[in-house]
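Protein chains in written order, with full-length UniProt numbering: chain F, 1 to 348; chain C, 1 to 540; chain P, 1 to 348.
It is possible that part of the hints are untrue.
The calculated label-pair distances, taken between Cβ atoms and stated as ranges, are [unchecked claim]:
1) Leu320/P to Leu192/F: 47 to 57 Å
2) Val118/P to Arg185/F: 45 to 55 Å
3) Arg382/C to Ala191/P: 16 to 26 Å
4) Val203/F to Ala317/P: 48 to 58 Å
5) Leu233/F to Leu320/P: 56 to 66 Å
Residues on chain C that point at chain P, a partial pick, calculated with CB under 7 Å [stated by the list, open to error]:
6) Arg335
7) Ile338
8) Glu352
9) Gly353
10) Ile355
11) Asp357
12) Thr359
13) Leu366
14) Ala370
Derived by calculation from the structure, the hints in this document are not laboratory data. Don't be surprised by glycine CBs; every beta carbon is placed ideally from N, CA and C.
The residues making up each chain are set out below.
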Amino acid sequence: MTATLDTPSPRPQAPTPAPAPRGSLFDRLRDVLTSPKSGPVLVTAVLFVVVFVIGGVRYPGFFSGQVFLNLFVDNSYLIVLAVGMTFVILTGGIDLSVGAVVAVSTMIAASLLQTGWSPGVVIALILVLTSVLGLLVGLMIHVFKVQPFIATLAAMFLARGLCYVISKDSISISEPTFVALAVTRIPLGPGLSITPSVVIALVVVVIAVWVLGFTRFGRTVYAIGGSEQSGMLMGLPVARTKVIVYVVSGFCSGLAGVLFSFYTLSGYPLTAVGTELDAIAAVVIGGTLLTGGYGFVLGSVLGVLVLGVIQTIITFEGTLSSWWTKIFIGALLLVFIILQKVLTSRRR
Amino acid sequence: MTEPVVEMTDITITFPGVKALDSVSFRMFPGEVHSLMGENGAGKSTLIKALTGVYAIDGGTIRLGGETVSFSGPAHAQAAGISTVYQEVNLLPNLSVAENILLGREPRRFGSIDGRAMRRRAAELLDGLNLDIDPGSLLGSHSLAVQQLVAIARAINVNAKVLILDEPTSSLDADEVAELFRVIRSLRDSGVAILFVSHFLDQIYEITDRLTVLRNGQLVGEYLTEELLRIDLVHKMIGKEITALDEIGKRAHAATGAAVADEPGLPAFAATHDYGRKGAIEPFDLTIGEGEVVGLAGLLGSGRTELARILGGIDRADAGTLQIEGKPTRLRTPRQAISKRIAYSSENRRSEGIIDDLTVRDNIVLALQADRGWFRPIPKKRQEELTQSYIQALNIRPANPDALVRNLSGGNQQKVLLARWLAIAPRLLILDEPTRGIDIGAKAEIQKLVYTLAENGMSVVFISAELEEVLRLSHRVAVLRDRRLVADIENDGLTVDALLALIADGSVADEAPPPDAHPFGPAYDEPATESLTSPAGDLR
Amino acid sequence: MSAALTRIVSSRLFWPVVMLIALVAINVIAFPGFLTITVKDGHLFGSVIDILRNGAPTLIIAVGMTLVIATRGIDLSVGAVAAISGAVACSILLSSPDPGNPGTVAVAVGAALVIALVLGVWNGFLVSVIGIQPIIATLILMTAGRGMAMLITEGQILTVDSAPFKALGSGFLLGLPVAVLIGVVIFAVAALITRRTALGMLIESVGINPEASRQAGVRARGLLFTVYTFCAFSAGIAGLILTANQTAADANNTGLFIELDAILAVVIGGTSLAGGRYSLAGTLVGALVIQTLVTTVYTVGIPPIVTMVFKAAVVTAVCLLQSPATNAAFGRLRHRLTARTSKGIAAS
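With the sequences and hints as input, model every part of the structure.
See the structure below:
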């Protein structure tokens, strides 16, 4: 008995030595970088910092807070567009109508303000109309099984055509509230300021982050992108969610149009041609997989900033012409799409 | 004995033209692992879908825990405590493990998903399955086996009384299967009734307590696994079908006998050595002589299709060697196989065979044309001759070269597919279930054709779930079980019973045979890869 | 009689042709001289000739697009390729001392088409070798291509004064506009090559069932290279015609939205966006429908760009008609009708 007591109970085996911390850190890092979820967005973050630093080294005056803030000021509408596009692309869809919807929103705003409508009513009306357009697109895709590409193409034609129905020419906006929103600067410190549009865009971003990350609707968006079939078998409201993402994108396009009209103080039918490509590029560069399922709103914001910083560098460079922007964006798209392809195929 | 948790009585389900289930009864008790066995068309999946609320029943009653229920849909059945884990893990690889377990039932606070509570709940469930993984990690970063267990965790989160596992082991390796079985046993011990569906006989005998066998939509019987010999099980699953083709059978046998007796060593057209593909078919040695018909026999999922596919170049082999007429050959694509005059005719006629929106003529010339390249079109006149000759030789109806193949009956589609392969004048023709789902007349014609082709020197690999058909046509039969080639014997008076025995029990050397189901002598303990050339009669 | 009628009605060309006839009828009623063709200086003139000439670029691109769509693909980059092709030709002509020399023009045209072929190979490479979805693969060139065109024109609108080059767009040969003749040649070549060789059948086979085609030994990779290269080549030719018509290369606006018109022409022509069986004749009718629509809108006095609204209506209508949901509904209707008819027969 005593002997038994004295016998040292079998000591717990010394824990098997954990893999060398450095190795595990390295493995961790590699895992994160090669994950289709976080890899592309980290690459984008690094890219942004590198491009910004290169700009700072090359051009005097580049490395300033205001240059950074101007990325937001100049691209607040694109941020809102990219947020809406993120919802759509996360489900594996695409929305080609956003540029035309921005244009038609500026046209509606300019023409109605001209005839004396109150700005609040105009803005509300724009948001309702663009959301309804999104709803129709969503229904066309879901009920009639029209490919998103074609359905949103029809919406694009419609919106662009409606611009010309409203007016062939540019209409300027002189309504006091819009002008005030356009010229107001919100100071953030010595020599630093932003516009109300930036605040609105950031509010949209915060709401989108919450919706996608922390609500059932948001997680269902991801689920659809992962596998619509599985989502359905798991009893998720796939149909409803698929329609709503296009409403979200329509709403965001309308809001972006409003912000764009603050920015330009005019409505013009040919405005924002090709903006859908910028929005898609920002979302893709921001790490959202075009096939859906992976991506973050903040990544898309980062994507917009990358596009913005490239634009800024080209402006600073002076000799480099503006068309390089398009070529750079195309090249970045290519790199990121191939990156996505590699990351997802490794995970089969 | 306790009350059954599930009691399905006289279930009848009719599809247009077919009685998928004919007055079938089925029951499950709490704390047992039950398996549903049957070949293609037996009604297994129909019965499962009736139980999970996917199909409405046309007759009979379903009682769950003693109460009669009538499910409005899968969600209803799930809420009533019947959870299903499907063959292809139907989860979301892009979301976290915790989300996959709790999606749609997430704990929420003020409208927000409570991530911490969710991970905690998921961790509890995973703990219950003894699965030590981070609930926050991406599901896609885990192996299929772990994903399968996560799917089970999701299923039991809803307090499942009945857990249905549909082919859960089909893509798992041995260790992973062991892990899964550990979980299944612990769930069983906690009182869950588990329906385990699998093609692997060894696994059925290892894990299940009770079996229900279906055949052709009818109940064959319910048995205690340990009391049912494997050979009897296979008998009950396959049954004996009376076929109207005895005449060809006799002729084939006569020819076979002669061939084997007169020319013991037919020159080999194709020979494999340790040829295999991970996860599909274990390495096998098989020789196919010129003019020889080799039948592949085995249950559904035994690896017969997988073997045929790598032989036909559809899937790439990742081990071993293949020799065609003595020359080492690699088949990376179907195209390469076709250039070696090897044709594989898929069992999935619609999805992998016919091009349904093209005409009969286009479908027949397709492989020949693809082989020639697009810039060397087969002259219109030659196309017409080819098409007409096959329409007549195979009796394709309607005899219209311009008819769209989608408008033909199944049997005629199969003949068009055959014509496509015959048009390339194959040396080796691999036919995967060419007679499935077609009427008896077309079946006879196809059998006759195989017989004639072989007489003319073509090598044929013939797969069919109907053993009589395999025996009638084949010179030699290769038997597969659980993804292995377990026997390779001359068809010299081989009987269906002997073949059934091989399918049930063709033992594998490196796995201990199950103690309870071993009806025959030690002959079956021979290593799997060794050819059993002795006549079947000696085995008795 | 009724069997023949059923055959005609169920032909895929039926609805497009009806649409075309309806449009022509509207025009004839509104402008009795619509169908009149006059001969001036040995050249044919008239509204119909205008429609043919203005529709030629769309038709040419739509022919290439038809083959791409038949393989389950799509090519969004054709507009950008057209712009590049025009830019290359014009910049070569401008840099030459003698832009009026037919030899110089031949070199310029040749170089433009070679570049177009290279771009087509690039698209084919991304789709067939890297395995990127066609819509995304060609989106890259759609974005970057305009930038490249601007790089070539250095952001200018390059106006050239070269009679032989101008003839491509607005010249006449044998009494017919050169552009129409080029269109006829491209159409005929495509029809002959695909239908006289096995190309068309193999393209359809891959589009209908890729896996069955693979098992039958069809090499999809080579086919994809061929169709994308041909599509870019036809875009290059269309770009030359558009540029020659304006005697100027405008990197921003040459071929803007032409990809959408081309896709629309294909869809109206009855070729499904899901791939498979295609109809070049249908595409021809589709292109004519679009151009007649544009001309009608013009002549009725509606601002031309509002045609987009009509195009949106047409896209929506065609998609809804092709949709499986609609087909199912039609199927039920037809079923009910035939049931009633047979009952009627039984009764009588």
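Results for each hint:
Distance hint for Leu320/P and Leu192/F: a CB-CB separation of about 52 Å, consistent with the stated range 47 to 57 Å. A C-beta distance of roughly 49 Å is found between Val118/P and Arg185/F, which places it inside the suggested range of 45 to 55 Å. At roughly 22 Å, the beta-carbon separation of Arg382/C and Ala191/P lies within the given 16 to 26 Å, and the hint holds. Checked against the given bound of 48 to 58 Å, the beta carbons of Val203/F and Ala317/P, roughly 39 Å apart, lie outside it.
Leu233/F and Leu320/P have their C-beta atoms about 29 Å apart, which leaves the hinted 56 to 66 Å range violated. A hinted interface residue such as Arg335/C counts as satisfied when its beta carbon comes closer than 7 Å to some beta carbon of chain P; here the least separation is about 4 Å, so the hint holds. Against a cut-off of 7 Å between C-beta atoms, the interface hint on Ile338/C holds, since the closest Cβ of chain P lies about 4 Å away. Hint on Glu352/C holds. Least Cβ distance to chain P is approximately 5 Å, under the 7 Å limit.
Hint on Gly353/C holds. Least Cβ distance to chain P is approximately 6 Å, under the 7 Å limit. Because the closest C-beta pair between Ile355/C and chain P is about 5 Å apart, less than 7 Å, the hint holds. Because the beta carbon of Asp357/C sits about 5 Å from the nearest beta carbon in chain P, less than 7 Å, this interface hint is met. This hint is violated: Thr359/C has a C-beta 9 Å from the nearest C-beta of chain P, more than the 7 Å allowed.
Hint status for Leu366/C relative to chain P: holds, with the closest Cβ pair at about 5 Å, below 7 Å. Taking 7 Å as the C-beta contact cut-off toward chain P, the hint placing Ala370/C at the interface holds, the least distance being around 4 Å.
In summary, the structure is inconsistent with hints 4, 5, 12 from the numbered list given earlier, while agreeing with the others.
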